[in-house]
Amino acid sequence: MLLILILFVQLINGIKINNKFIEEPDDVETIIGSTLIFRCRTEPIHQSQITWCKNDFCTLGKTRDLPFYPRYQIIGNADQGEHHFQLVNVS
Numbered sequence: 001m002l003l004i005l006i007l008f009v010q011l012i013n014g015i016k017i018n019n020k021f022i023e024e025p026d027d028v029e030t031i032i033g034s035t036l037i038f039r040c041r042t043e044p045i046h047q048s049q050i051t052w053c054k055n056d057f058c059t060l061g062k063t064r065d066l067p068f069y070p071r072y073q074i075i076g077n078a079d080q081g082e083h084h085f086q087l088v089n090v091s
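All residue numbers in the sequence shown are consecutive under this note's numbering, ending with 91.
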């Protein structure tokens with residue numbers, strides 16, 4: 001299964017910033033039912049919001065918690081620029 005996600009980095013006030021990726025997300029193939037992690041690291045971002053998007057779905061909000069989507073999680077140390085997207089039980 002091929003999934004492509006795009007990471008959008010925005011300031012809380014909506015102004016775009018030019019962040020530098022240290023590790024960009026890659027296309028990933030996986031087996032149905034497995035756990036998948038799209039790795040992404042940027043320079044540390046202060047006062048910002050990280051949003052992962054695929055098609056019409058985005059992880060909007062000022063938090064990394066996604067309580068309405070228990071299969072999805074943004075993991076890693078945000079203070080170090082880690083914004084990995086984890087998907088559990090791929091279907």
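Keep in mind the hints are simulated off the structure, nothing from the lab. Fair warning: this is a prediction, and the values are worked out from it, not measured in the lab. Any given hint might turn out to be false.
[Stated by the list, open to error] Ranges between beta-carbon positions, derived for each pair:
hint, residue 1, residue 2, range
1, Q80, I32, 15 to 25 Å
2, S34, F57, 32 to 42 Å
3, D27, N89, 18 to 28 Å
4, D79, I32, 11 to 21 Å
5, E43, I75, 11 to 21 Å
6, I31, Y72, 14 to 24 Å
Note that CB positions come from ideal geometry on N, CA and C, so glycine has one too.
Inset, instruction - Would you pick out the hints that fail for this structure and give their numbers low to high? - result: Per hint list: 1, 2 and 4 violated.
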